[in-house]
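Colleague: Heads up, our numbering is the position in the sequence shown plus 3, with the first residue counted as 1.
Think about it this way: if two alpha-carbon atoms lie no more than 27 Å apart in a straight line, the pair counts; the simulated BS3-like pairs of lysine-lysine are: (1) Lys172 <-> Lys145; (2) Lys241 <-> Lys215; (3) Lys15 <-> Lys252; (4) Lys145 <-> Lys169; (5) Lys169 <-> Lys137; (6) Lys242 <-> Lys252; (7) Lys327 <-> Lys350; (8) Lys215 <-> Lys242; (9) Lys252 <-> Lys215; (10) Lys137 <-> Lys172.
Derived by calculation from the structure, the hints in this document are not laboratory data.
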Amino acid sequence: MSRAWGSEASVKINIDMARQIVLRSQGLDGSWTLPPGKEGVAQVIERLGHVQIDTISIVARAHQHILWSRLPGYMPQMLHELQASDRRAFEYWWEYAAAYIPMSDYRYYRPRMRAFAESPRARSYICRNAELVKAVLERIRKEGPLGSADFEAPEGFKRGTWWSWKPAKEALETLFSMGELMVAERRSFQRLYDLAERVLPPGTDTTDPDPKQALQFATRRMLLAHGVASTQDMGRTKKGRDAAIEALKELAATGEAIPLEVEGLDGETCYALRETLEEAAEQAAQATGVHILSPFDNLVINRRRLQRLFGFDYSLECYLPAAKRRYGYFCLPILWGTRFVGRLDPKADRERKTLIVRRLIFEPEFADYDALMPGLVDALRAFAALNGCDRVVVEGVSPEGACQPCLEGEL
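Using the sequences plus the hints, can you model the full thing?
Modeller: Following this line, the structure appears as structure tokens:
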């Protein structure tokens, strides 16, 4: 039933309502109506604000997985064409990570590009490597998009650590972070760089927003993508959070955002957009599906937020020594309705077209296996198909004996 939200100091909601709003805003409750194909991919990226890119490929890479989780029928070629041909998305740094970002948001990333270009680090690099930078730009200007592999390493160059790039690669990445170059496309996951003016579609707004505009844009983006956001979710530093809190207060003063008191989140002030609350009041259906999510999914990437809102303690263990891992190398969270009920440690054996689940681990308090199993089996088979596999083998289940023989052996 629709409700007209007034100008109260705050609105009280329970934790289940907060979870439902978050899942709806994230496109994980089945309520999004998306067109098929590339247009659907574009709309997912635009609604989420960014889709993180990651190099780990033990299963489908993060960006493919995130989009697949929200768009039935998603195929990787759709994203490639959206970037390389349609120019509806571009790559840049979202906070600390590489991500696909809506091209419509480009102007709001210009201040960050300019700040990097004016930083002592970038100025020093350009000064010390002026001839190399000039040569890289001249080749791209004459030849078109080029990747790191198109540039030879100097004679005698020896690669050291993982981040020890050859000189041309470092120049490409520096120019990319400055905004001089953009990623025109990826081939075999490798970036091809071109001049920014040749990548940006005609009519792209390249004007720099003022600091207040940029802050309000980022704040609205956060609220729109996540539905419910705490002041603790805004900004990575105290200075950033303080500025975001002021922006939230301004949005609340105009009635665009509504302060929330969420039962169970004592001591934290939350906010939601007015339009989000009105939509939640009109669409009361509960999420019921099963989702196998990427560790880099927009819903789970903020581990503190995930634990606070959903009571799910999750971390990615691939960066830990094997002896210190509790759950496995690349465990994926399992979302059922509004609850995280477990995690699984998969590996796509693409030669044998087999998705191997080395361990399926349920949360200690979970026991409703019979109700979960049909949806989980379907989700596993669909995830296998995303990875080019046509069979699923479950090697172990914890607690021992749980839901067997439902998930024993091949599915």
